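Chains as they are written, first to last, in our numbering: chain W, 1 to 182; chain Z, 1 to 359; chain L, 1 to 247.
Derived from the structure by calculation, the hints contain no laboratory data. None of these values were measured; they are calculated from a predicted model. Hints are supplied without guarantee of correctness; some may be wrong.
What the hints assert, rightly or not - When the alpha-carbon atoms are kept at most 30 Å apart in a straight line, the in silico DSS-like pairs for lysine-lysine are as follows:
{"#": "1", "chain 1": "Z", "residue 1": "LYS226", "chain 2": "L", "residue 2": "LYS13"}
{"#": "2", "chain 1": "Z", "residue 1": "LYS4", "chain 2": "W", "residue 2": "LYS2"}
{"#": "3", "chain 1": "W", "residue 1": "LYS74", "chain 2": "W", "residue 2": "LYS118"}
{"#": "4", "chain 1": "W", "residue 1": "LYS155", "chain 2": "W", "residue 2": "LYS118"}
{"#": "5", "chain 1": "W", "residue 1": "LYS155", "chain 2": "W", "residue 2": "LYS2"}
{"#": "6", "chain 1": "Z", "residue 1": "LYS211", "chain 2": "L", "residue 2": "LYS44"}
{"#": "7", "chain 1": "Z", "residue 1": "LYS211", "chain 2": "W", "residue 2": "LYS2"}
{"#": "8", "chain 1": "Z", "residue 1": "LYS301", "chain 2": "W", "residue 2": "LYS2"}
{"#": "9", "chain 1": "Z", "residue 1": "LYS226", "chain 2": "L", "residue 2": "LYS14"}
{"#": "10", "chain 1": "W", "residue 1": "LYS2", "chain 2": "Z", "residue 2": "LYS195"}
{"#": "11", "chain 1": "L", "residue 1": "LYS13", "chain 2": "L", "residue 2": "LYS243"}
{"#": "12", "chain 1": "Z", "residue 1": "LYS3", "chain 2": "W", "residue 2": "LYS158"}
{"#": "13", "chain 1": "L", "residue 1": "LYS197", "chain 2": "L", "residue 2": "LYS14"}
{"#": "14", "chain 1": "L", "residue 1": "LYS197", "chain 2": "L", "residue 2": "LYS44"}
{"#": "15", "chain 1": "Z", "residue 1": "LYS345", "chain 2": "W", "residue 2": "LYS79"}
{"#": "16", "chain 1": "L", "residue 1": "LYS197", "chain 2": "Z", "residue 2": "LYS211"}
{"#": "17", "chain 1": "Z", "residue 1": "LYS4", "chain 2": "W", "residue 2": "LYS163"}
{"#": "18", "chain 1": "Z", "residue 1": "LYS301", "chain 2": "Z", "residue 2": "LYS345"}
{"#": "19", "chain 1": "W", "residue 1": "LYS79", "chain 2": "W", "residue 2": "LYS118"}
{"#": "20", "chain 1": "Z", "residue 1": "LYS345", "chain 2": "Z", "residue 2": "LYS276"}
{"#": "21", "chain 1": "L", "residue 1": "LYS197", "chain 2": "L", "residue 2": "LYS240"}
{"#": "22", "chain 1": "Z", "residue 1": "LYS3", "chain 2": "W", "residue 2": "LYS163"}
{"#": "23", "chain 1": "Z", "residue 1": "LYS4", "chain 2": "W", "residue 2": "LYS158"}
{"#": "24", "chain 1": "L", "residue 1": "LYS14", "chain 2": "Z", "residue 2": "LYS211"}
{"#": "25", "chain 1": "Z", "residue 1": "LYS357", "chain 2": "Z", "residue 2": "LYS268"}
{"#": "26", "chain 1": "L", "residue 1": "LYS13", "chain 2": "L", "residue 2": "LYS197"}
{"#": "27", "chain 1": "L", "residue 1": "LYS194", "chain 2": "Z", "residue 2": "LYS195"}
{"#": "28", "chain 1": "Z", "residue 1": "LYS211", "chain 2": "L", "residue 2": "LYS240"}
{"#": "29", "chain 1": "L", "residue 1": "LYS240", "chain 2": "L", "residue 2": "LYS14"}
{"#": "30", "chain 1": "W", "residue 1": "LYS2", "chain 2": "Z", "residue 2": "LYS345"}
{"#": "31", "chain 1": "Z", "residue 1": "LYS345", "chain 2": "Z", "residue 2": "LYS357"}
{"#": "32", "chain 1": "W", "residue 1": "LYS155", "chain 2": "Z", "residue 2": "LYS345"}
{"#": "33", "chain 1": "Z", "residue 1": "LYS195", "chain 2": "L", "residue 2": "LYS240"}
{"#": "34", "chain 1": "Z", "residue 1": "LYS195", "chain 2": "L", "residue 2": "LYS190"}
{"#": "35", "chain 1": "Z", "residue 1": "LYS211", "chain 2": "L", "residue 2": "LYS243"}
{"#": "36", "chain 1": "W", "residue 1": "LYS155", "chain 2": "Z", "residue 2": "LYS226"}
{"#": "37", "chain 1": "W", "residue 1": "LYS79", "chain 2": "W", "residue 2": "LYS155"}
{"#": "38", "chain 1": "Z", "residue 1": "LYS226", "chain 2": "Z", "residue 2": "LYS250"}
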Amino acid sequence: MKKTVFAGFGGQGVLMMGYVFAVAAMRDGREVTYLPAYGAEMRGGTANCTVVVSDEEIFSPVSSSPDFAVIMNKPSLVKYEGVMNGGGTIFLNSNHVSRELTRDDLTSIRIPAVEIAKELGSERVVNMIMLGAFAAHTRMTSLDSIMNGLSEIVKDTKASIMKLNRRGLDRGAEYILKGDSR
Amino acid sequence: MDKKLLMRGSQVIGEAAIRAGCRFYAGYPITPQNEIPEFMSGAMADLEGGTFIQAESEIAAINMVIGASMAGARAMTSSSSPGISLKQEGISFLAALELPAVIVNVMRGGPGLGNIAPSQGDYFQATRGGGHGDYRSIVLAPAHGQELADLTRKAFEYADRYRTPVMILADGMMGQMMEPVVFPDPINLDELPPKPWVLDGAQGRPSRIIKSLILDTVEMEEHNWKLDRKYKIISGEIPHAETYMTEDAKLVVVAYGTAARIARGGIKRAREMGLKVGLLRPVTLWPFPDRAIREMSRLVKDFMVFEMNTGQMIDDVRLSLEGRSNVHFYGRPGGIVSTPDEIGKAISSLYYRQHLKED
Amino acid sequence: MEELVFTRPRYIKKAPFHYCPGCGHSIIHRLVAEVIEELGIGEKTIGVPPAGCAVLAYDYFDVDMGEAPHGRGPALATGIKRILPDRIVFSYQGDGDIAAIGTSETIHTANRGENITVIFVNNNCYGMTGGQMAPTTLLGQNSTTTPGGRDENRDGPPIDLSEMLALVRGTVYIERTAVNSIRNIRNTKKAITKAFKAQIAGLGFSLVEILSPCPTNWKMSSTDSCRWIDESVMQTFPLKVIKDEIG
């Protein structure tokens, strides 16, 4: 069982990342839960959600000690670094979070997602780049599953946008596989 | 693609209600269940003969439901704890008037405004009637996404069958969380049994009255006994509890809803430590599955009630056991969701304290 | 040869009214039943009686009747009407019901333009509970909770609910009438007819406010009560068509 937190500012596609990942994992045949922050916690512009993926029954959907975190801004790093499971991995959007981790039992993977997105011509794919990197590293689901999940969620989206999303995922994954992030 | 959908709990309730033939929904926004009225507004608009009303208050909403039910519709309202308090007058009337209706309570921390985190603080209110007068409401306690769908279907069936309000007692976590769910096929409204009591204009038949004012004490007493007979029938027919790893258990955790789900995790950890622990999960909170618990007491001498409150269902567990076994309590009020580890520790600590390891 | 000149309306049951001598409810019940009969809607009308003296209206009206909690009539009527839009739905409410405990339901039902008819019986007091101050009790009027008379500084002034409802966009017809004279009774029936016709035509929310005597709680004779409506009540609540968008 693996718990992942996705966190950042509202508008960065944080909830979408978690949602797409959860649908992908469900279609892969895994047990999943997706728990978003809600109500007052969402006011003030921050957003986060927790996705649990498991081969067995999931007892708690709550992110008491996540194994992974996809962090899109600095406040989220402050919020989640302390509660991470020992040995966990944090994926950082390095264009927005520059500081190093303070815990040495965690691994950080830094992805210049905004930079890559600019190369692709749209900052809207920052979340897909992060998700591609996350998937490539954790191997919890495949890029194809993510694309299928995305098509299931955003049914009537233009083909060009879906293509862009795919390129985002690919570039995020490539960044990990080429080893640029270490 | 299989039929499984990843869906938010609140929306699962809405979709399941529509598939159960709900054609009238009235509600008022309150966190953490706003997705129910939001979902219903769209779903009813897409449905022929469907009505959604954003009411001016919780009180108006429940009374609209009374009217829709009088007119023969499968009707529902939903809210969260403070809003459910406001609906109590209407729920008492539904019980008195013997009208079917489904009320969803997505519980949050309380009393007062409390918070919007998941809680089980409304157990007493739900199971003791909540409003004034000598009545009960059927209370169903789902524990996961699939059960939100299944019990919503059941809620409408029970409401019609017994002509009584049925409450679905969920909580903020269930309302917000997405889980895979497979929906049952929609029912065919035409196949439902006729309701020979509805108010639809006295065409070719004598006029009907649906009322609760019974000034004559003898008649009122008879009405109370009539309701009581119905409640006894319900208590005989629908109590339901689920068990988990209880076959050889020396300690049984009793928990419902989200607490039960967390407890399963705690029990699994305790089992890994070699402790013989099981779970009894009431699915109907009223009628309470007292017989299931009582029967278990022949083999189990220690029960641990775990609730997300300071101790409410524990009263029903004690009443069920009538002193036959020890009843212990572990509670986390205020919107705290325990981790399975925490419950595992609470279980093992109790296990050793009661010297169950040595037996 | 004998000619039948007066009989029980078709939609009033054979039951003796429990209302006090001189009470306006009996007259108003009769008028509503006559209108239902004349409009030929008796087999598709559903009435919603209030809490208060007229709660027993279901024992008198021979149409389908569904009881509402105190003040909630309009909300309940909304539920019925939305499920059965081709039926005729009316709520029957007193002044405390409609203008105090049920103000919210009343205003919002009117604002949504629910296609129902409200019979609002204003007798300036809480009748059933024994003559306490109502939202419509006149300034200076004695009640069991305003000894020495209603005082504006202490109790607030009487509330003009019908005028308030006229401001709401969903209302199409609002008239204030009385049943304290033959002439006013005739006008009241015309108003009730117009209100039901508005609903039949699907135009929206209609309401008739009817000033009605309560000799028991006013502690007056029946004739004095009728005179008091003319001389005092109408000073605060003048008879008039408050809103008419029917034409």
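Hint check:
1. Among the hinted pairs, LYS226 of chain Z with LYS13 of chain L is consistent with the structure: their alpha-carbon atoms are about 27 Å apart, no more than 30 Å.
2. Between LYS4 of chain Z and LYS2 of chain W the alpha-carbon distance is near 21 Å, which keeps this suggested pair within the 30 Å criterion.
3. Restraint check for LYS74 of chain W and LYS118 of chain W: the C-alpha separation of about 21 Å stays at or below 30 Å, so the hint holds.
4. The suggested pairing of LYS155 of chain W with LYS118 of chain W holds, with an alpha-carbon distance near 25 Å, which does not exceed 30 Å.
5. In summary, the hint linking LYS155 of chain W to LYS2 of chain W is supported, as the alpha carbons are separated by about 28 Å, within the 30 Å threshold.
6. Under the criterion of a C-alpha separation no larger than 30 Å, the hint pairing LYS211 of chain Z with LYS44 of chain L is consistent with the structure, at around 19 Å.
7. Using a Cα cut-off of 30 Å, the hinted pair LYS211 of chain Z and LYS2 of chain W is violated, with the two alpha carbons roughly 56 Å apart.
8. Proposed proximity of LYS301 of chain Z and LYS2 of chain W is contradicted: the alpha carbons are some 36 Å apart, above 30 Å.
9. This hinted pair checks out: LYS226 of chain Z and LYS14 of chain L have alpha carbons roughly 28 Å apart, not beyond 30 Å.
10. The straight-line distance between the Cα atoms of LYS2 of chain W and LYS195 of chain Z is roughly 51 Å, outside the 30 Å bound, and the hint therefore fails.
11. Between LYS13 of chain L and LYS243 of chain L the CA atoms are separated by roughly 33 Å; this puts the pair beyond 30 Å, and the hint is violated.
12. Among the hinted pairs, LYS3 of chain Z with LYS158 of chain W is consistent with the structure: their alpha-carbon atoms are about 25 Å apart, no more than 30 Å.
13. Between the alpha carbons of LYS197 of chain L and LYS14 of chain L the distance comes to roughly 27 Å, so the proposed pair stays at or under 30 Å and holds.
14. At roughly 14 Å between alpha-carbon atoms, LYS197 of chain L and LYS44 of chain L fall within 30 Å of each other, so this suggested pair holds.
15. Proposed proximity of LYS345 of chain Z and LYS79 of chain W is supported: the alpha carbons are some 26 Å apart, at most 30 Å.
16. Only pairs whose Cα atoms come within 30 Å are accepted, and LYS197 of chain L paired with LYS211 of chain Z is accepted, the gap being roughly 27 Å.
17. Restraint check for LYS4 of chain Z and LYS163 of chain W: satisfied, since their Cα atoms lie roughly 26 Å apart, inside the 30 Å limit.
18. For a cut-off of 30 Å, the pair hint linking LYS301 of chain Z to LYS345 of chain Z stands: about 20 Å separates their Cα positions.
19. Of the pairs offered as hints, the one joining LYS79 of chain W and LYS118 of chain W holds, with about 28 Å between alpha carbons and a cut-off of 30 Å not exceeded.
20. A distance of roughly 14 Å separates the Cα atoms of LYS345 of chain Z and LYS276 of chain Z; the hinted pair therefore holds under the 30 Å criterion.
21. With a C-alpha separation of about 19 Å, the suggested pair LYS197 of chain L and LYS240 of chain L falls inside the 30 Å cut-off, and the hint holds.
22. A hinted pair counts as satisfied when its Cα atoms are at most 30 Å apart, and LYS3 of chain Z with LYS163 of chain W qualifies at roughly 27 Å.
23. The hinted pair formed by LYS4 of chain Z and LYS158 of chain W meets the criterion: a straight-line CA distance of about 25 Å does not exceed 30 Å.
24. Distance restraint check for LYS14 of chain L and LYS211 of chain Z: the Cα-Cα separation of roughly 19 Å lies within the 30 Å cut-off, and the hinted pair is therefore satisfied.
25. Taken as a hint, the LYS357 of chain Z and LYS268 of chain Z pair is honoured in the structure, with Cα atoms around 17 Å apart against an allowance of 30 Å.
26. For the hint pairing LYS13 of chain L with LYS197 of chain L, the CA-to-CA distance comes to about 23 Å; that is within 30 Å, so the pair holds.
27. A distance of roughly 33 Å separates the Cα atoms of LYS194 of chain L and LYS195 of chain Z; the hinted pair therefore is violated under the 30 Å criterion.
28. For the suggested pair LYS211 of chain Z and LYS240 of chain L, the alpha carbons sit about 34 Å apart, so the restraint of at most 30 Å is broken.
29. The hinted pair formed by LYS240 of chain L and LYS14 of chain L fails the criterion: a straight-line CA distance of about 34 Å is larger than 30 Å.
30. With a CA separation close to 21 Å, the supplied pair LYS2 of chain W and LYS345 of chain Z stays within the 30 Å bound.
31. The suggested pairing of LYS345 of chain Z with LYS357 of chain Z holds, with an alpha-carbon distance near 15 Å, which does not exceed 30 Å.
32. A C-alpha spacing of about 46 Å is found between LYS155 of chain W and LYS345 of chain Z, which places the hinted pair above 30 Å, so the restraint is violated.
33. Only pairs whose Cα atoms come within 30 Å are accepted, and LYS195 of chain Z paired with LYS240 of chain L is rejected, the gap being roughly 44 Å.
34. For a cut-off of 30 Å, the pair hint linking LYS195 of chain Z to LYS190 of chain L is broken: about 37 Å separates their Cα positions.
35. With a CA separation close to 33 Å, the supplied pair LYS211 of chain Z and LYS243 of chain L exceeds the 30 Å bound.
36. Taken as a hint, the LYS155 of chain W and LYS226 of chain Z pair is broken in the structure, with Cα atoms around 53 Å apart against an allowance of 30 Å.
37. At roughly 34 Å between alpha-carbon atoms, LYS79 of chain W and LYS155 of chain W are farther apart than 30 Å, so this suggested pair is violated.
38. Straight-line distance between C-alpha atoms of LYS226 of chain Z and LYS250 of chain Z comes to about 41 Å, which puts the hinted pair past the 30 Å bound.
The structure fails to meet hints 7, 8, 10, 11, 27, 28, 29, 32, 33, 34, 35, 36, 37 and 38 from the earlier list, while all remaining hints are met.
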